[in-house]
Amino acid sequence: MTRVVVAMSGGVDSSVAAALMVEEGYDVVGLSMQLYDQRETEDGAPKFGSCCSIDDLYDAKRVAQHLGFPHYIVNFEREFKATVVDNFVREYSAGRTPIPCVHCNADLKFSTLAERAAGLDASVVATGHYARVVFNKDDRRYRLLRGVDPGKDQSYFLFTLTQDQLAHARFPVGHLNKIEVRAHAERLGLSVADKPDSHEICFVPDGNTARFVERHATQAPAPGEIVDTEGHVLGEHQGVHHFTVGQRKGLGLSMGSPLYVLKLEPVGERVVVGAREALGSHELTATGVNWISGTAPEGPTRVTARIRHRHHDAAARVVSTGDGTAHLRFDDPQVAITPGQAVVFYDAADAASVMGGGWIDSR
Amino acid sequence: MQIYLDHNATTPPAPGVVDAVCRVLRDTQGNPSSIHAPGQQARAVLDDARRRVATLIGARASDLVLTGSGTEADNLAIRGAVEALHTSGRRHLMTTAIEHEAVLATCGAMEARGWRVTRLPVDCSGIVTPAALAAALHENPDTGLVSVMHANNEVGTLQPIAELAALARTHGAWFHTDAVQTVGKVPVSVDALGVDMLSLSGHKFGGPKGTGALWVRRGIRLVAQQTGGKQERLRRAGTENVAGLAGLGVAAAYARATLQVHAPAVAARRDRLERTLLDGVPGAHVNGATESRVPNTTNISFDGVEAELLVIALDLEGIGVSTGSACSSGSLEPSHVLTAMGLSAARARTSLRFSLGADTTDADLDAVIGRIPALVDKLRRLNQTAAAVGGRR
Chain R
1 MTRVVVAMSG GVDSSVAAAL MVEEGYDVVG LSMQLYDQRE TEDGAPKFGS CCSIDDLYDA
61 KRVAQHLGFP HYIVNFEREF KATVVDNFVR EYSAGRTPIP CVHCNADLKF STLAERAAGL
121 DASVVATGHY ARVVFNKDDR RYRLLRGVDP GKDQSYFLFT LTQDQLAHAR FPVGHLNKIE
181 VRAHAERLGL SVADKPDSHE ICFVPDGNTA RFVERHATQA PAPGEIVDTE GHVLGEHQGV
241 HHFTVGQRKG LGLSMGSPLY VLKLEPVGER VVVGAREALG SHELTATGVN WISGTAPEGP
301 TRVTARIRHR HHDAAARVVS TGDGTAHLRF DDPQVAITPG QAVVFYDAAD AASVMGGGWI
361 DSR
Chain S
364 MQIYLDHNAT TPPAPGVVDA VCRVLRDTQG NPSSIHAPGQ QARAVLDDAR RRVATLIGAR
424 ASDLVLTGSG TEADNLAIRG AVEALHTSGR RHLMTTAIEH EAVLATCGAM EARGWRVTRL
484 PVDCSGIVTP AALAAALHEN PDTGLVSVMH ANNEVGTLQP IAELAALART HGAWFHTDAV
544 QTVGKVPVSV DALGVDMLSL SGHKFGGPKG TGALWVRRGI RLVAQQTGGK QERLRRAGTE
604 NVAGLAGLGV AAAYARATLQ VHAPAVAARR DRLERTLLDG VPGAHVNGAT ESRVPNTTNI
664 SFDGVEAELL VIALDLEGIG VSTGSACSSG SLEPSHVLTA MGLSAARART SLRFSLGADT
724 TDADLDAVIG RIPALVDKLR RLNQTAAAVG GRR
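As you go down the protein sequences, you meet chains R and S in turn. Residue numbers for the first sequence follow my numbering, so the first one is 1 and each next one is one higher. Residue numbers for the second sequence follow my numbering, so the first one is 364 and each next one is one higher.
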């Protein structure tokens with residue numbers, strides 16, 4: 001019997017993923033990553049949010065017991081800090097808006113966890129992501145496809161996966177929609193069947209990213225000035241980590257027309273604001289680009305691109321510019337292209353297929 | 364077939380224990396505090412159990428407080444003593460850096476109440492030296508209570524309790540020992556140790572979970588931590604777990620009758636396991652003193668191996684061992700015991716605890732000895748690959 005490791009968060013998606021692997025006849029071992037010390041800080045406030053809390057880990061354990069396969073909690077505190085938390089804090093401090101989920105997938109689930117799985121003689125890691133992997137016999141390459149549920153598709157968070165990682169990845173719920181997943185959970189009598197979905201940045205308590213950054217940064221970003229595009233000082237701010245490009249609320253300015261954050265300049269600690277029209281842009285540069293096929297396309301390529309998780313794909317042309325960089329030009333201007341977020345390219349000819357992606361660098 | 368080498372976490376019931384628990388639960392239905400005949404029957408069962416436990420540690424039955432766990436016994440000893448010493452002017456508590464959380468966390472709670480706490484260091488073999496205690500007592504003449512475990516749960520090191528307790532006595536401080544890992548494994552006598560309080564736990568030597576005891580030297584008056592009844596001579600309110608404690612009594616009697624035979628046999632098996640692993644696996648080291656140790660425990664580091672993963676890999680093959688104290692309770696710190704002994708956090712994470720029982724067979728050990736070298740080798744190679752991949756990222 002082939003052994004697989006299922007990464008279990010305690011939520012309904014990974015629980016059903018595990019159940020489906022059991023039904024397919026795999027020898028399933030459930031692993032749940034404990035990501036941080038669950039004890040509270042001295043002032044009683046949680047150091048981290050609710051992701052993979054002890055309750056979630058025990059939910060996962062209950063599901064495993066119910067389905068009759070072994071389950072273990074593994075300590076990923078150091079790896080989580082080194083790959084997800086530190087990056088998150090560094091990016092916010094540098095005036096960018098990070099997506100920790102991508103690092104959690106790329107550097108924990110499909111790297112460290114996959115290595116642990118290999119140590120347990122499991123060559124495959126399955127997760128509860130809404131995405132699909134298919135092997136194309138013609139070019140002997142793995143394709144990464146969107147999950148079939150357009151509302152739940154998580155392919156955006158998986159753009160860094162390499163051919164080797166895809167070869168060892170399974171997404172058992174990728175061909176289902178959320179309603180079907182919940183129906184499976186009920187059919188199987190899983191206690192997590194009606195557990196609510198988790199939030200996007202699950203480890204930040206109360207969604208207060210600024211306080212999280214301050215708590216975890218060696219040196220929190222300094223206060224500075226809010227300026228307009230001409231450099232006129234309009235107000236003051238408490239650090240660039242309080243802002244994200246496109247933000248309108250929380251600027252503390254009372255001007256005649258609404259102002260939006262256009263740009264964050266950590267050097268000089270400036271927050272540049274302007275009118276909504278100034279948020280639009282046709283172009284972006286991506287770094288750390290990964291091409292799912294393993295090789296960059298030759299010349300300009302038509303794609304549809306997504307510049308944040310909750311965003312409609314926009315038609316664009318991408319050119320690989322070498323050294324893991326790419327240049328993207330949208331047909332129509334896009335609002336609030338945000339440094340630190342990912343841009344993910346989908347094949348213009350096959351809208352479900354992820355071609356690759358990278359990190360938005362500058363506009 | 365399951366092979367179980369985690370007896371410091373818990374032990375299977377000793378012969379006669381399950382029967383005793385079932386029988387009492389079924390046939391002895393009275394409340395030991397009641398006046399009538401069923402109550403008196405239950406009282407007799409409880410008295411019998413108390414006497415058997417007392418005999419195991421060379422104590423008088425009336426000086427035992429039967430509890431719901433070793434942890435409860437530790438809490439009663441420390442909290443009860445601190446509250447009893449409230450008017451004495453003594454405000455200092457002394458313990459060690461390698462205690463079980465039951466003692467460490469309770470001492471921490473006393474710190475929050477205004478007591479000062481000294482956590483004595485241990486040497487690299489895991490031993491608290493009498494010199495260290497003497498110096499600390501000299502510096503802190505207001506020490507009211509010293510609590511030092513008899514043997515450590517992770518490495519098995521035995522502490523020189525008699526010497527330490529004598530020092531405390533000359534300074535007028537009470538001395539408590541958490542003997543959860545020694546009672547039933549090695550001969551324990553409260554008089555030979557010269558302590559004032561001693562905690563034990565039933566399920567560490569074949570008794571049921573949910574049973575324990577605190578022995579308190581006559582003349583020491585603790586403040587009860589549970590109120591609401593006159594049970595246990597006003598030291599622990601609440602109707603006693605009669606069936607469980609009957610099982611504890613049986614386990615105590617069994618341990619007393621077999622200890623002289625079991626201890627050397629278990630030690631010989633432990634030594635064979637240890638020697639074979641050290642010889643057969645390069646980069647394997649024993650942690651803690653090997654001379655002064657409970658007979659059933661060995662703690663071994665395998666360089667370059669994530670012990671947590673080795674535990675899982677072994678479990679998937681039906682072999683139960685542990686990385687130390689059995690806690691996936693939220694904390695992710697490396698073992699405080701091993702780091703207190705001077706091991707780096709990285710080495711602490713490569714350490715495995717094997718704890719044998721009287722039921723451990725040579726065939727069990729052969730199976731373990733047969734699997735570990737190859738598993739260690741595989742996990743090491745993965746680790747190296749991971750390090751190489753990590754370097755590229």
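Derived from the structure by calculation, the hints contain no laboratory data. Predicted model, so just to flag it, every value in this text is computed and none were measured. By construction, the Cβ of each residue, glycine as well, lies at the ideal position given by its N, Cα and C atoms. Incorrect hints may have been included.
Pairwise CB distance ranges, derived in the manner of DEER restraints [claimed, not checked]:
1. S:593 x R:3: 53 to 61 Å
2. S:634 x R:55: 42 to 50 Å
3. R:249 x S:734: 38 to 46 Å
4. R:183 x S:634: 21 to 29 Å
5. S:635 x R:183: 54 to 62 Å
6. R:140 x S:634: 31 to 39 Å
7. R:3 x S:375: 52 to 60 Å
A quick look at each hint next to the structure:
1. S:593 x R:3: 53 to 61 Å: holds, 58 Å
2. S:634 x R:55: 42 to 50 Å: Since the Cβ atoms of residue 634 (chain S) and residue 55 (chain R) sit about 43 Å apart, the hinted range of 42 to 50 Å holds.
3. R:249 x S:734: 38 to 46 Å: Violated, since residue 249 (chain R) and residue 734 (chain S) (Cβ atoms, about 60 Å apart) do not stay within the stated range.
4. R:183 x S:634: 21 to 29 Å: violated, 58 Å
5. S:635 x R:183: 54 to 62 Å: holds, 55 Å
6. R:140 x S:634: 31 to 39 Å: violated, 55 Å
7. R:3 x S:375: 52 to 60 Å: Once the Cβ atoms are compared, 29 Å apart, the range 52 to 60 Å for residue 375 (chain S) and residue 3 (chain R) is violated.
In terms of the numbered hints stated before, the structure departs from hints 3, 4, 6, 7, listed from lowest to highest.
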